[in-house]
Amino acid sequence: MPMYQGNRCASEHALQNGEVDPAVKALEARQDEIMRKLYELKAAVEGLAKTVTTPDADLDLTVSSSLSSHSPSSSCSVLQGTADLNALLGQDLGALRDIVINANPAQPPLTLLVLHGLLCQRYRVLSTVHIHSSVSSVPPQLLSCLGPRHADSYIRQRFQLGFTLIWKDVPKLQMKFSVQNMCPIEGEANVARFLFRLLAPYPSDPALATLVDSWVDTAFFQLAEGSAKERAAVLRALNAALGRGSWLVGSELSLADIACYCCVLRSGPASSTPANVQRWLKSCDNLGLFGPTMALLQ
Amino acid sequence: MTKEEVQGAAQEEAQAQSKKALKKQQKEAEKAAKKAEKQAKLAAEEQSTEEDDFAKERYGVSAMVQSQQKLDRLLVRVQDLTADKAEQLIWVRARIHTSRAKGKQCFLVLRQQQFNVQALVAVGDRASKQMVKFAANVTKESIVDVEAVVKKVEQKIESCSQQDVELHVERIFVISQAEARLPLQLEDAVRPEGEADEEGRATVNQDTKLDNRVIDLRTTTSQAIFRLQSGVCQLFRDTLTKKGFVEIQTPKIISAASEGGANVFTVSYFKTSAYLAQSPQLYKQMCICADFDKVFCVGPVFRAEDSNTHRHLTEFVGLDIEMAFNYHYHEVIDSITDTMVQIFKGLRDNFQTEIQTVNKQYPSEPFKFLEPTLRLEYTEAVAMLRQAGVEMGDEDDLSTPNEKLLGRLVKEKYDTDFYVLDKYPLSVRPFYTMPDPSDPKYSNSYDMFMRGEEILSGAQRIHDAQLLTERASHHQIDLEKIKAYIDSFRYGAPPHGGGGIGLERVCMLYLGLHNVRQTSMFPRDPKRLTP
Chain A
27 MPMYQGNRCA SEHALQNGEV DPAVKALEAR QDEIMRKLYE LKAAVEGLAK
77 TVTTPDADLD LTVSSSLSSH SPSSSCSVLQ GTADLNALLG QDLGALRDIV
127 INANPAQPPL TLLVLHGLLC QRYRVLSTVH IHSSVSSVPP QLLSCLGPRH
177 ADSYIRQRFQ LGFTLIWKDV PKLQMKFSVQ NMCPIEGEAN VARFLFRLLA
227 PYPSDPALAT LVDSWVDTAF FQLAEGSAKE RAAVLRALNA ALGRGSWLVG
277 SELSLADIAC YCCVLRSGPA SSTPANVQRW LKSCDNLGLF GPTMALLQ
Chain B
25 MTKEEVQGAA QEEAQAQSKK ALKKQQKEAE KAAKKAEKQA KLAAEEQSTE
75 EDDFAKERYG VSAMVQSQQK LDRLLVRVQD LTADKAEQLI WVRARIHTSR
125 AKGKQCFLVL RQQQFNVQAL VAVGDRASKQ MVKFAANVTK ESIVDVEAVV
175 KKVEQKIESC SQQDVELHVE RIFVISQAEA RLPLQLEDAV RPEGEADEEG
225 RATVNQDTKL DNRVIDLRTT TSQAIFRLQS GVCQLFRDTL TKKGFVEIQT
275 PKIISAASEG GANVFTVSYF KTSAYLAQSP QLYKQMCICA DFDKVFCVGP
325 VFRAEDSNTH RHLTEFVGLD IEMAFNYHYH EVIDSITDTM VQIFKGLRDN
375 FQTEIQTVNK QYPSEPFKFL EPTLRLEYTE AVAMLRQAGV EMGDEDDLST
425 PNEKLLGRLV KEKYDTDFYV LDKYPLSVRP FYTMPDPSDP KYSNSYDMFM
475 RGEEILSGAQ RIHDAQLLTE RASHHQIDLE KIKAYIDSFR YGAPPHGGGG
525 IGLERVCMLY LGLHNVRQTS MFPRDPKRLT P
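Residue numbers (my numbering), protein chains in the order written: chain A, 27 to 324; chain B, 25 to 555.
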């Protein structure tokens, strides 16, 4: 065996006798590949079956795209649009572009976790979760909320974007990006806007853009923090809006949907919502973006 | 003038002189008599007062304790003097911290380590006037045995650690007397610098403190610092033992300099000379080669560096770790950083009073950290510094000011005082550092920082004799001198890495102090060998 210079991580187990027939290895690799393809096919079929049972839902594009190649650019098709990190965040100067989010474990930022999932489909994201010393402990599901560790996480240079979530005793969620050129961004809604722009541009129509912003604010101020009366009013408004189209703003999923989805489910059970809202929640579910995040609500 | 006349005159003169002398004598005698009378009177008075000093048996200077008798008397700790002991008659042994006599009563503050309590000696049916006078005259810092009734107080005593009770003294005996003149006053030694400037009060400069370390160590601040330091050692040992590490002892007298040749102390060794160990590294590595798998050691380390800075000592306590790993040296980083985090958590959770005490004199921000520890790579650090306007090459080492600046930048973004910087350029690291497998300019080495100052330097070590020889000759090191080191890797060596931290530096930086001498009990630097 070559001398260990730290070029492989510990994930693979040591070979007991050090000698394995290369032909066997190749066979194993082929078998793994076939199994992987089979699983993807199964997932795709399941996704299609869901869209059939809920006719109003758009065709689940994430599923179909996962059948194609694994390059990051093609795996995200829920949100179309060109996003060039250099144009959005400034020239890469050699340091990992690390988005640091300070969140209070009492209020996990569900929207941001959903957006994190989307970012991972688009870019090579180094995701890390830390506990700040101002917090004594957090539930285990909050430590794994960004998914399993990336196999390459020991080389930071290999990533386009860093997503560092720090559970910290903060009164208000806070995001820090470029400390020198940018003040910290406060509030989950504002951070969500920042992250969403890395995925897709805002609608070019100012009226639509304002509508998205307005729904995001409604979600965070009235659904998440409002009184029972306010929540009921928002649910009625959502129901009305969703009667006109399958998504809240325009013809495709937008930040408005993501924010409202998270805040609706945080404020109460899906079964207690009006019909259009329920249908829309199901369509969202079918996208497969929210599953792991919503598990945190339990 | 005739002869007689002259004689006569002379006689007269002499007579006059003797007369004067006589008068003088008489006067003196009178004075003496008066004095004697006075003394007699005083003595008589004293006798008379002594006679009515009903409390004669209740105070005094005890005979020196030579273990004449073994009393079963229970001495209560000052820290245990709380309201639930109210109305109990107890014995306490403590130092006189301050005393203040006021007419018929005397207030004492009795101190035991960092705890103190107010005590009152007042003329009454238990204490006489003489006893109060005696108590008031006991010198500061003397050790006394006091029998007293614990009394609850209505108003909290803000100046003492035991705020709810005071002691009403019934007996007081001096066990060991302090000299009246103290080289430094304890209250001066704990005064925060800012406060002294404002009120024109005295502070004690560091050299005076260190020259009189025994008294300086009695201060609440010093007591807290060294209790915390003991905690660091304890937590270090506990954490590593739990992780399956073995504590080892390594020799401090060595035959060859372990790290390069410079800055070692030479000592005479019979007919030849030897060196004082700069680091236990070679021995740690030999233990790994001897299949101990994971080892640590706590022991003195010597550096003959003539640097008179706030963070250099010529002798300090090294906490060293070395471990074999399976596939990637980040396993070592994870182990070390987790050990540090466990220490920080232990201090945060169990040493809050000590931290607060030190903060009273030396205010600082609480130490912040992340779990797991933040790891950045060297190239990122360089990019961050360049963004902040620093001009430096890719492979330049970090200067101390740049380390500090980087610490500030990291703190601002991640709000942590502790982080790891990984992947240093190979050229700035010692010859035994393993090169990076993908880029020969860099290496598998790391530094750890607390509040922007380096506390640990470590790396994956080369465990292959041939590569080690190559790297050593590249650094132009005399292969003959390190033959024993290289030979230890000839008989099969597991991949391994490690690092070492300085106990004093960790304590200093954790507490946010500004001089490592404050966290070294008896510091050794180029200018100080005593006490």
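The set of hints was computed from the structure by calculation and includes no laboratory data. Be aware that a few hints might be false.
[To be verified] Derived PhoX-like pairs: lysine-lysine, alpha-carbon spacing no greater than 20 Å straight-line:
#1 Lys369(B) / Lys428(B)
#2 Lys164(B) / Lys198(A)
#3 Lys43(B) / Lys59(B)
#4 Lys202(A) / Lys109(B)
#5 Lys164(B) / Lys126(B)
#6 Lys435(B) / Lys198(A)
#7 Lys80(B) / Lys94(B)
#8 Lys62(B) / Lys51(B)
#9 Lys44(B) / Lys55(B)
#10 Lys392(B) / Lys202(A)
#11 Lys266(B) / Lys126(B)
#12 Lys48(B) / Lys80(B)
#13 Lys109(B) / Lys59(B)
#14 Lys267(B) / Lys318(B)
#15 Lys437(B) / Lys202(A)
#16 Lys198(A) / Lys392(B)
#17 Lys58(B) / Lys128(B)
#18 Lys109(B) / Lys126(B)
Note to self: To test your reading of the hints: which numbers does this structure violate?
What the structure shows: Structure breaks hints 1, 2, 3, 4, 7, 11, 12, 13, 17 and 18.
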